[in-house]
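Chemist: Residues per chain are reported as follows:
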Amino acid sequence: MIASLSLILLCQLVGEVAVRALAVPVPGPVVGLVLLLLLLLARDRYPALARGPLGNDGVESASRVMLANLSLLFIPAGVGVVQKLDLLAEHGTAILVILAVSVIVTLLATVATFVAASSLFSREDETP
Amino acid sequence: MSDNPFSLWVYLSQSPLLWLTVTLVTYAATDAVSLKTRRHPLANPVLHSLWIIGTFLLLTNTSYTTYFAGAQFVHFLLGPATVALAVPLYENRRRVAAAVLPMLVALAVGSLTAIVSVVLLAKAFGLPRDIILSLAPKSVTAGVAMGISESLHADPSLTAVSVILTGIMGAIIVTPLMNFTGITDFRGRGFAAGIAAHGIGTARAFQVDEVAGVFAGIAMSLNALVTSLLVPLAVTYLLR
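Protein chains in written order, with the working numbering: chain A, 118 to 245; chain B, 992 to 1231.
Don't take every hint at face value.
Claimed, not checked - Over 10 Å on every C-beta distance to chain B, these chain A residues come out as not near it, computed from the model:
{"#": "1", "residue": "A120"}
{"#": "2", "residue": "L139"}
{"#": "3", "residue": "Y163"}
{"#": "4", "residue": "G169"}
Stated by the list, open to error - EDC-like cross-link-like pairs, simulated, lysine to aspartate or glutamate; straight-line CA separation at most 20 Å:
{"#": "5", "chain 1": "B", "residue 1": "K1114", "chain 2": "B", "residue 2": "D1146"}
{"#": "6", "chain 1": "A", "residue 1": "K201", "chain 2": "B", "residue 2": "D1146"}
{"#": "7", "chain 1": "A", "residue 1": "K201", "chain 2": "B", "residue 2": "E1141"}
{"#": "8", "chain 1": "A", "residue 1": "K201", "chain 2": "B", "residue 2": "D1121"}
{"#": "9", "chain 1": "B", "residue 1": "K1027", "chain 2": "B", "residue 2": "D1200"}
{"#": "10", "chain 1": "B", "residue 1": "K1114", "chain 2": "A", "residue 2": "E207"}
Derived by calculation from the structure, the hints in this document are not laboratory data. All values derive from a computational prediction rather than experimental measurement. C-beta: ideal position from N, C-alpha, C; glycine also.
Start from the sequences, fold in the hints, and give me the full structure.
Modeler: Laid out in structure tokens, this is it:
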């Protein structure tokens, strides 16, 4: 468990250092995600890597525990709403309506595009 | 033990222990209720934890800074949890590789819709420019959105609030909305949840279906990249 957590933190650390050193507008943890993915893919090719956190379902089970409780992690930032109560009293209704409409429009536009594109591309695959 | 219960409160309310415990206990309780209701959308654990903890802070006259000193240990895990998304992504790599093209098209359309819709609506409602700028990056995960907001000289703390509100609304509405449209492709449903409602939408997607969760995680990560490039362009074009 500790070795698995260390590997996850290490990936994030390398990611943070890389984005700062290269000054690219990418979040460090996203680079960390790509690194961990590459490690897992490399393990398929080189079985010698399957040891420590990369063996015996180590990093996999640590990640599943974290992702099963993903909602919890947003609570500290969300409680910050208590600092904005005066602003919400003034513009709250407008902000809530705007965010709600925007989220519905975005959900529908994204899912419609995904479904349309996936049926379009799979039809192209079928034609010989 | 102190004779004076007030001095005990003064000690505890200044230590991280109390606020970390309050966060975990509240979440454990709201999550148990969510499980009991078989993950009913309105029993969203983030939504209910927020008002319970918020009310508690207001009643005890505790500042957000004091609360956050304890809760930051939980907040910190947002980064490692993003890295951990590599695992479900790896386990579902064949399904993901088969859907790369639809994902990229849906990413472009979804990301643009999220930004343009919120800016145009806020303009139509006549909101002040600094509030519009703070709302623009609301569909990406909190850390990235606050960075974008800062670079636009907007209000990062208002951005964080709008990010969380967007996430909660998306998580509540996604299942009924998708059932209403009759779309049963859980790859697309999850992908939309990740684009529109970042990590809270992704957490919701994992509750409903593992494949939906994986696609939501990818969507959230890709959207963080695209939105940080698109928001500055969109606001200069739309708010001239």
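Chemist: Hints first: check each against the structure and report whether it holds.
Modeler: Hint by hint, here is what the structure shows:
The Cβ of A120/A sits about 14 Å from the closest Cβ of chain B, beyond the 10 Å cut-off, so the non-interface label holds. For L139/A, the shortest C-beta to C-beta distance to chain B comes to about 14 Å, beyond the 10 Å cut-off, and the non-interface label holds. With a minimum CB-CB distance of about 15 Å to chain B, Y163/A clears the 10 Å threshold, and the non-interface call stands. The beta carbon of G169/A is kept farther than 10 Å from every beta carbon of chain B, the shortest such distance being approximately 16 Å.
About 17 Å separates the Cα atoms of K1114/B and D1146/B, which keeps this hinted pair within 20 Å; it holds. For a cut-off of 20 Å, the pair hint linking K201/A to D1146/B stands: about 11 Å separates their Cα positions. At most 20 Å may separate the alpha-carbon atoms for a hinted pair to count; K201/A and E1141/B meet this at roughly 17 Å. The straight-line distance between the Cα atoms of K201/A and D1121/B is roughly 14 Å, inside the 20 Å bound, and the hint therefore holds.
Among the hinted pairs, K1027/B with D1200/B is consistent with the structure: their alpha-carbon atoms are about 18 Å apart, no more than 20 Å. Restraint check for K1114/B and E207/A: the C-alpha separation of about 16 Å stays at or below 20 Å, so the hint holds.
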